[in-house]
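K.L.:
Residue numbers (the working numbering), protein chains in the order written: chain H, 1 to 131; chain C, 1 to 187.
Careful, some of the hints might be misleading.
Each computed DSBU-like pair below joins lysine-lysine, with the alpha-carbon atoms no more than 30 Å apart [claimed, not checked]:
{"id": "1", "chain 1": "C", "residue 1": "K70", "chain 2": "C", "residue 2": "K23"}
{"id": "2", "chain 1": "C", "residue 1": "K23", "chain 2": "H", "residue 2": "K68"}
{"id": "3", "chain 1": "C", "residue 1": "K24", "chain 2": "H", "residue 2": "K19"}
{"id": "4", "chain 1": "H", "residue 1": "K4", "chain 2": "C", "residue 2": "K49"}
{"id": "5", "chain 1": "C", "residue 1": "K42", "chain 2": "C", "residue 2": "K24"}
{"id": "6", "chain 1": "H", "residue 1": "K19", "chain 2": "H", "residue 2": "K88"}
{"id": "7", "chain 1": "C", "residue 1": "K23", "chain 2": "H", "residue 2": "K4"}
{"id": "8", "chain 1": "H", "residue 1": "K4", "chain 2": "H", "residue 2": "K103"}
{"id": "9", "chain 1": "C", "residue 1": "K24", "chain 2": "H", "residue 2": "K123"}
{"id": "10", "chain 1": "H", "residue 1": "K19", "chain 2": "C", "residue 2": "K53"}
{"id": "11", "chain 1": "H", "residue 1": "K68", "chain 2": "C", "residue 2": "K49"}
{"id": "12", "chain 1": "H", "residue 1": "K19", "chain 2": "C", "residue 2": "K42"}
Everything labelled a hint here was simulated from the structure, so no lab data went into it.
Because the structure is a prediction, the values reported are computed rather than measured.
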Amino acid sequence: MAGKTAIIASNGTLFDAYKVYNIATAAAASDHEVAIFFTFEGLNLINKEAYDQLALPEGKEQIAEGFKNSNVPAVPELVEMAQELGVKFIGCQMTMDVFGLQKEAFVDGIEVGGAVTFLEFAKDADVTLTF
Amino acid sequence: MIHTDKLLDAKGLACPMPIVRTKKAMNELEPGQVIEVQATDKGSLADLKAWAKSSGHQYLGTSEEGDVMKHYLRKANASEEKEELQYPHTITNDDLQQQLGRDDVIILDVREPAEYAFGHIPGAVSIPLGELENSAAQLDQNKEVLVICRTGNRSDFAAKQLAEKGFSQVKNVVQGMSEWNGPVEQN
Numbered sequence: 001m002a003g004k005t006a007i008i009a010s011n012g013t014l015f016d017a018y019k020v021y022n023i024a025t026a027a028a029a030s031d032h033e034v035a036i037f038f039t040f041e042g043l044n045l046i047n048k049e050a051y052d053q054l055a056l057p058e059g060k061e062q063i064a065e066g067f068k069n070s071n072v073p074a075v076p077e078l079v080e081m082a083q084e085l086g087v088k089f090i091g092c093q094m095t096m097d098v099f100g101l102q103k104e105a106f107v108d109g110i111e112v113g114g115a116v117t118f119l120e121f122a123k124d125a126d127v128t129l130t131f
Numbered sequence: 001m002i003h004t005d006k007l008l009d010a011k012g013l014a015c016p017m018p019i020v021r022t023k024k025a026m027n028e029l030e031p032g033q034v035i036e037v038q039a040t041d042k043g044s045l046a047d048l049k050a051w052a053k054s055s056g057h058q059y060l061g062t063s064e065e066g067d068v069m070k071h072y073l074r075k076a077n078a079s080e081e082k083e084e085l086q087y088p089h090t091i092t093n094d095d096l097q098q099q100l101g102r103d104d105v106i107i108l109d110v111r112e113p114a115e116y117a118f119g120h121i122p123g124a125v126s127i128p129l130g131e132l133e134n135s136a137a138q139l140d141q142n143k144e145v146l147v148i149c150r151t152g153n154r155s156d157f158a159a160k161q162l163a164e165k166g167f168s169q170v171k172n173v174v175q176g177m178s179e180w181n182g183p184v185e186q187n
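Let's have the full structure, built from the sequences with the hints guiding it.
P.N.:
Next comes the structure, spelled out in structure tokens:
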């Protein structure tokens with residue numbers, strides 16, 4: 001492994017999905033070990049019912065056209081690719097409890113853990129990012 | 001048209017897809033093989049260069065045709081950096097520079113066509129190592145042959161092959177193109 005990248009995803013709009021998954025897949029393709037900790041609205045990005053219809057940030061609805069034109073992959077496609085490249089997804093147990101969501105609400109292959117699970121991974125990461 | 005071992009069509013794809021696809025395609029290549037990546041994402045040039053640097057692969061160069069960029073990369077070959085040279089007759093880059101322009105000397109470049117295309121010694125003959133077995137006959141046995149590659153390893157094999165085929169004046173250029181600071185041409 002060429003490096004280690006730890007990402008916290010704590011927001012849930014379409015913009016956030018691309019910020020998180022583009023960096024994650026690029027890092028994985030560069031042979032980084034990558035984990036994403038999904039917490040609070042970041043859980044939208046792996047929520048089976050939400051992740052293929054994420055909203056644009058308020059007031060930015062006109063950007064939808066730009067997404068169409070620049071041929072960026074759909075979010076579910078990015079999720080699949082990230083998992084295929086070995087990116088580890090960690091759902092935040094505490095937020096899931098607060099939102100009343102079970103593990104089954106999310107894409108397959110996620111781990112569920114608390115803050116310490118992520119910290120354990122992130123403590124010796126070369127790149128740490130929060131979105 | 002540069003001959004490569006694999007063509008990857010990443011045209012129309014946005015970041016980070018060209019990199020992700022290149023990574024996957026690279027897994028299917030043998031060490032030392034060359035891939036052509038066609039992309040229209042303008043960021044792919046800087047990204048692929050950086051990606052090659054961090055992953056240890058060799059970025060060879062990029063040519064542009066209209067909106068399409070053709071990037072050439074060669075898969076890292078760890079053994080190339082480590083193996084000991086076996087062919088005893090060698091010449092340094094500096095001494096090779098003194099020989100440039102002599103018509104009784106052939107400079108034979110045994111790197112892949114894409115490596116050759118993005119920078120070689122003027123007048124050097126291109127025969128990739130893998131084709132030398134079948135193409136050595138086109139070289140004049142009466143001339144001295146100075147064999148060069150990137151680091152002196154593939155040229156070591158090539159020099160041995162030529163000597164076994166009866167070439168009597170063969171030298172391996174140690175150091176090679178990676179440290180060459182003499183004249184270079186592209187085509």
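K.L.:
A separate judgement is required for each hint: does it hold in the structure or not?
P.N.:
Cross-check of the supplied hints:
For the proposed pair K70/C and K23/C, the alpha carbon gap of about 16 Å is at most 30 Å, so the pair holds. Among the hinted pairs, K23/C with K68/H is consistent with the structure: their alpha-carbon atoms are about 25 Å apart, no more than 30 Å. Note on K24/C and K19/H: the hinted pairing holds, with a Cα-Cα distance of about 22 Å set against a maximum of 30 Å. With a CA separation close to 20 Å, the supplied pair K4/H and K49/C stays within the 30 Å bound.
Restraint check for K42/C and K24/C: satisfied, since their Cα atoms lie roughly 20 Å apart, inside the 30 Å limit. In summary, the hint linking K19/H to K88/H is supported, as the alpha carbons are separated by about 16 Å, within the 30 Å threshold. Taken as a hint, the K23/C and K4/H pair is honoured in the structure, with Cα atoms around 17 Å apart against an allowance of 30 Å. Proposed proximity of K4/H and K103/H is supported: the alpha carbons are some 26 Å apart, at most 30 Å.
A threshold of 30 Å between alpha carbons decides the hint, and for K24/C with K123/H the separation of about 29 Å falls inside it, so the pair holds. For the given pair, K19/H sits about 23 Å from K53/C by alpha-carbon distance, which is consistent with the 30 Å threshold. A hinted pair counts as satisfied when its Cα atoms are at most 30 Å apart, and K68/H with K49/C qualifies at roughly 27 Å. Pair hint K19/H plus K42/C holds up; C-alpha atoms about 19 Å apart against a cutoff of 30 Å.
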